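Q: Input sequences plus hints: build the corresponding full structure.
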Amino acid sequence: MLETRTWKGRTILQVVATLLVLPYLFPLIVMVKGSLAGQGWHNFQAVLKVPGLGRFFVNSIVIAAGVIVLVYIVTMMAAYGFAKLHIAFREVYFWLLLACLTLPEVVLLAPLFTTALHLKLYNTYWAVILPLAALQVPFAVLLTRNFLNGLPNELFEAARVDGANSFRGFVYLVIPLTRPIAAAVFIFTLIGAWNDYLMPLVFLQTTHMQTITLVPQFFVGEFSNDQTKILASAVITAIPEVVAYLCLQGLFERGLSAGAIK
Amino acid sequence: MEQRRPAQRAGAAADDHPDGRRRQRMPPGLPWILPALVLSVGLIYYCIAYTGYISTLNWDGISSHPKSVGDNNYVRIFHDPVFWKAIRHTVEFFVVTFIIQTFLGMLFAVLFHARLKLAVVYKVIVFVPVVLAPAIMAPVFRHMFAPDGELNQVLRDVGLASLARPWIGQTSTALPVIMAITIWEWTGVTFVLYYAAMTQIDQSVLEAARVDGAGNVRTLVSIIWPGVRGTTVALAILSAIGAMKTFDVPYLVTIGGPNYATEFLGTYIYRMTIPLDHVGYGAALSVILLVAALLLAIAFQLVGRERKGRG
Numbered sequence: 001m002l003e004t005r006t007w008k009g010r011t012i013l014q015v016v017a018t019l020l021v022l023p024y025l026f027p028l029i030v031m032v033k034g035s036l037a038g039q040g041w042h043n044f045q046a047v048l049k050v051p052g053l054g055r056f057f058v059n060s061i062v063i064a065a066g067v068i069v070l071v072y073i074v075t076m077m078a079a080y081g082f083a084k085l086h087i088a089f090r091e092v093y094f095w096l097l098l099a100c101l102t103l104p105e106v107v108l109l110a111p112l113f114t115t116a117l118h119l120k121l122y123n124t125y126w127a128v129i130l131p132l133a134a135l136q137v138p139f140a141v142l143l144t145r146n147f148l149n150g151l152p153n154e155l156f157e158a159a160r161v162d163g164a165n166s167f168r169g170f171v172y173l174v175i176p177l178t179r180p181i182a183a184a185v186f187i188f189t190l191i192g193a194w195n196d197y198l199m200p201l202v203f204l205q206t207t208h209m210q211t212i213t214l215v216p217q218f219f220v221g222e223f224s225n226d227q228t229k230i231l232a233s234a235v236i237t238a239i240p241e242v243v244a245y246l247c248l249q250g251l252f253e254r255g256l257s258a259g260a261i262k
Numbered sequence: 001m002e003q004r005r006p007a008q009r010a011g012a013a014a015d016d017h018p019d020g021r022r023r024q025r026m027p028p029g030l031p032w033i034l035p036a037l038v039l040s041v042g043l044i045y046y047c048i049a050y051t052g053y054i055s056t057l058n059w060d061g062i063s064s065h066p067k068s069v070g071d072n073n074y075v076r077i078f079h080d081p082v083f084w085k086a087i088r089h090t091v092e093f094f095v096v097t098f099i100i101q102t103f104l105g106m107l108f109a110v111l112f113h114a115r116l117k118l119a120v121v122y123k124v125i126v127f128v129p130v131v132l133a134p135a136i137m138a139p140v141f142r143h144m145f146a147p148d149g150e151l152n153q154v155l156r157d158v159g160l161a162s163l164a165r166p167w168i169g170q171t172s173t174a175l176p177v178i179m180a181i182t183i184w185e186w187t188g189v190t191f192v193l194y195y196a197a198m199t200q201i202d203q204s205v206l207e208a209a210r211v212d213g214a215g216n217v218r219t220l221v222s223i224i225w226p227g228v229r230g231t232t233v234a235l236a237i238l239s240a241i242g243a244m245k246t247f248d249v250p251y252l253v254t255i256g257g258p259n260y261a262t263e264f265l266g267t268y269i270y271r272m273t274i275p276l277d278h279v280g281y282g283a284a285l286s287v288i289l290l291v292a293a294l295l296l297a298i299a300f301q302l303v304g305r306e307r308k309g310r311g
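Line by line, the protein sequences are chains A and B. In case it helps, the numbering used here puts the first sequence at residues 1 to 262. In case it helps, the numbering used here puts the second sequence at residues 1 to 311.
Simulated from the structure, these hints should not be mistaken for laboratory data. Possibly wrong hints are sitting among the right ones.
[Stated by the list, open to error] Listed next, the in silico EDC-like pairs over lysine to aspartate or glutamate satisfying Cα-Cα at most 16 Å (straight line):
#	chain 1	residue 1	chain 2	residue 2
1	A	K33	A	D226
2	B	K67	B	D277
3	A	K33	B	E150
4	A	K33	B	D148
5	A	K49	A	E222
[To be verified] Derived CB-CB ranges, DEER-like:
#	chain 1	residue 1	chain 2	residue 2	range
6	B	L302	A	A183	40 to 50 Å
7	A	V92	B	F78	31 to 41 Å
8	A	A158	B	E92	37 to 47 Å
9	B	L155	A	L151	53 to 63 Å
10	B	A161	A	P23	14 to 24 Å
11	B	T199	A	L19	36 to 46 Å
12	A	I12	B	Q203	16 to 26 Å
13	B	P147	A	V32	35 to 45 Å
14	A	L151	B	V95	39 to 49 Å
15	B	L294	A	L251	26 to 36 Å
[Said to hold, decoys possible] To give a feel for the contact side, a few chain B residues facing chain A, derived at Cβ under 10 Å:
#	residue
16	W32
17	S40
18	Y122
19	F127
20	D202
21	Y260
The model shown is predicted, which means the values in this text are computed figures rather than measured ones. Beta carbons: idealized from backbone N, C-alpha and C, even for Gly.
A: Encoded structure:
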């Protein structure tokens with residue numbers, strides 16, 4: 001894009017880039033430095049010794065996995081139906097779904113709360129998995145339908161001529177062919193579910209059920225506002241996310257930017 | 001080749017035109033979309049209808065005989081100064097975060113196209129905040145922006161002690177702090193999107209501009225910026241939706257304060273519904289937010305259609 005033929009020009013660009021990147025690094029440095037202040041590594045030992053810390057991770061994994069599986073199955077089926085099968089008033093259904101795209105989750109709070117109490121779902125995984133999945137599905141369907149629209153109809157017709165019913169078409173054509181877009185759906189659903197704060201805050205009452213996004217608050221109670229321990233717990237909960245990103249960099253960047261264009 | 005093309009097109013048109021016949025050969029798809037409709041449309045529309053009903057009540061969320069108050073909640077919202085504050089914060093938040101994010105995202109994308117050293121490391125640093133949960137970073141930011149926090153320390157170290165202040169403790173700087181945190185979180189996405197969009201720009205156009213004597217700034221303004229217009233529009237929509245959904249950062253870093261200086265619709269609805277038990281009032285606020293979100297969705301569709309028309 002930019003032309004930097006001279007040594008001087010390149011140096012200036014490098015310096016500008018470095019100065020711009022530093023503010024992004026700063027909070028991360030504050031986090032790590034703060035977690036090592038005072039008692040140093042003992043902060044981490046103290047945090048790791050707290051019983052039930054692993055439980056937060058297990059809960060986050062269960063909820064994220066539940067949301068991903070639900071969103072994946074429902075989305076693939078719906079995208080197949082919308083893109084390649086016959087549906088009367090298809091666009092009406094599609095618009096009903098699309099209208100949910102911009103919905104802030106906070107507006108679901110009161111009705112979900114009372115309904116969850118009635119159905120005895122309060123403080124269960126389902127109370128978080130179902131609304132999170134419901135909010136992710138519209139965009140996932142939009143993305144996957146567009147992807148499937150790009151595949152030739154002849155492919156599906158040929159399969160039908162050869163005697164494949166729509167179920168076989170789904171299993172042998174849709175599932176394998178949608179892998180690239182499924183990866184994007186996987187990533188933004190994972191991030192959305194893993195990082196969500198409001199739903200677990202409202203619907204998971206006991207620490208036994210809570211997710212990692214509620215860990216900082218738990219430690220504020222546990223260590224009566226000892227900042228270093230709270231920051232150590234923040235580092236510990238952030239590590240899996242950073243490692244996952246570093247291992248799957250390209251996938252994360254593609255998936256999140258696909259998820260971002262709503 | 002050229003001669004066969006019209007014939008092919010006519011064939012395709014004939015295939016498409018008797019739409020009914022072609023579609024009838026397709027097996028029924030309704031059962032396939034049903035699970036998605038039940039889960040998303042069912043759950044969300046049920047909640048919306050329920051919210052609409054609750055918004056006409058004076059209800060604490062527990063009592064079994066809530067009083068119906070008609071449109072009283074809406075009338076009260078109209079005269080509620082905190083509501084108007086929240087609206088103003090949302091708009092300001094959108095404008096500022098969108099402009100700065102766009103600018104920084106563009107700048108990073110352009111810089112990274114100029115073959116920097118350590119580019120991978122820089123990219124990781126800018127993108128990591130996107131992955132980290134705001135809820136997990138919140139204690140870090142409270143720590144960082146505290147009166148004796150790292151930011152003030154750095155300012156004193158570089159001789160700018162006069163700039164040091166209780167960032168999240170005073171009304172004038174609390175909202176800018178929330179904006180800064182959001183920009184920190186989202187620049188990675190704008191950067192990656194712009195970076196990808198710039199690789200789509202025709203290299204020969206860039207070279208032609210160079211040959212015609214266009215400098216770096218001129219190329220940026222006249223070729224790159226218009227070339228990524230689609231991305232900019234998409235990011236504007238994304239930022240607007242994000243502004244309306246804002247909850248985690250203001251709730252966790254400043255609890256909407258001090259003196260409602262960082263109250264957003266999301267935090268206000270939460271405050272009314274859960275800690276204050278004004279469930280009816282919170283529901284009425286939700287309906288207003290919902291209408292705003294829907295109007296935005298419609299605007300989004302219209303813009304999208306215009307974009308397709310141009311392309």
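Q: Evaluate the given range 39 to 49 Å for the C-beta pair formed by L151 of chain A and V95 of chain B.
A: 41 Å, holds
Q: Does D226 of chain A sit within 16 Å of K33 of chain A, going by the straight-line distance between their CA atoms?
A: 14 Å, holds
Q: Grab the minimum C-beta distance from Y260 of chain B to chain A and call the hint holds if it beats 10 Å, violated otherwise.
A: Not OK, violated: Y260 of chain B not within 10 Å of chain A, min 17 Å.
Q: Given the hint of 26 to 36 Å, check if L294 of chain B and L251 of chain A actually sit that far apart at their C-beta atoms.
A: 33 Å, holds
Q: Does the Cβ distance between A161 of chain B and P23 of chain A fall inside 14 to 24 Å?
A: 19 Å, holds
Q: Honestly, do I12 of chain A and Q203 of chain B meet the 16 to 26 Å range at C-beta?
A: With a Cβ separation near 24 Å, I12 of chain A and Q203 of chain B satisfy 16 to 26 Å, so the hint holds.
Q: Range hint 31 to 41 Å: satisfied by the CB atoms of V92 of chain A and F78 of chain B?
A: Between V92 of chain A and F78 of chain B, where Cβ atoms are some 34 Å apart, the hint holds.
Q: Taking 10 Å as the limit, does the beta-carbon of W32 of chain B come near enough to a beta-carbon in chain A?
A: Constraint on W32 of chain B satisfied, holds at 3 Å.
Q: Does 35 to 45 Å hold as the CB distance between P147 of chain B and V32 of chain A, or does it fail?
A: 22 Å, violated
Q: Between the alpha carbons of K49 of chain A and E222 of chain A, is the straight-line distance 16 Å or under?
A: Since the Cα atoms of K49 of chain A and E222 of chain A sit roughly 12 Å apart, the hinted pair holds (cutoff 16 Å).
Q: Compare the distance between the alpha carbons of K67 of chain B and D277 of chain B with 16 Å, and conclude whether the hinted pair is satisfied.
A: Holds, at roughly 14 Å.
Q: Per the hint of 53 to 63 Å, is the separation of the Cβ atoms of L155 of chain B and L151 of chain A within bounds?
A: With a Cβ separation near 56 Å, L155 of chain B and L151 of chain A satisfy 53 to 63 Å, so the hint holds.
The earlier numbered hints that this structure contradicts are 6, 8, 11, 13, 20 and 21.
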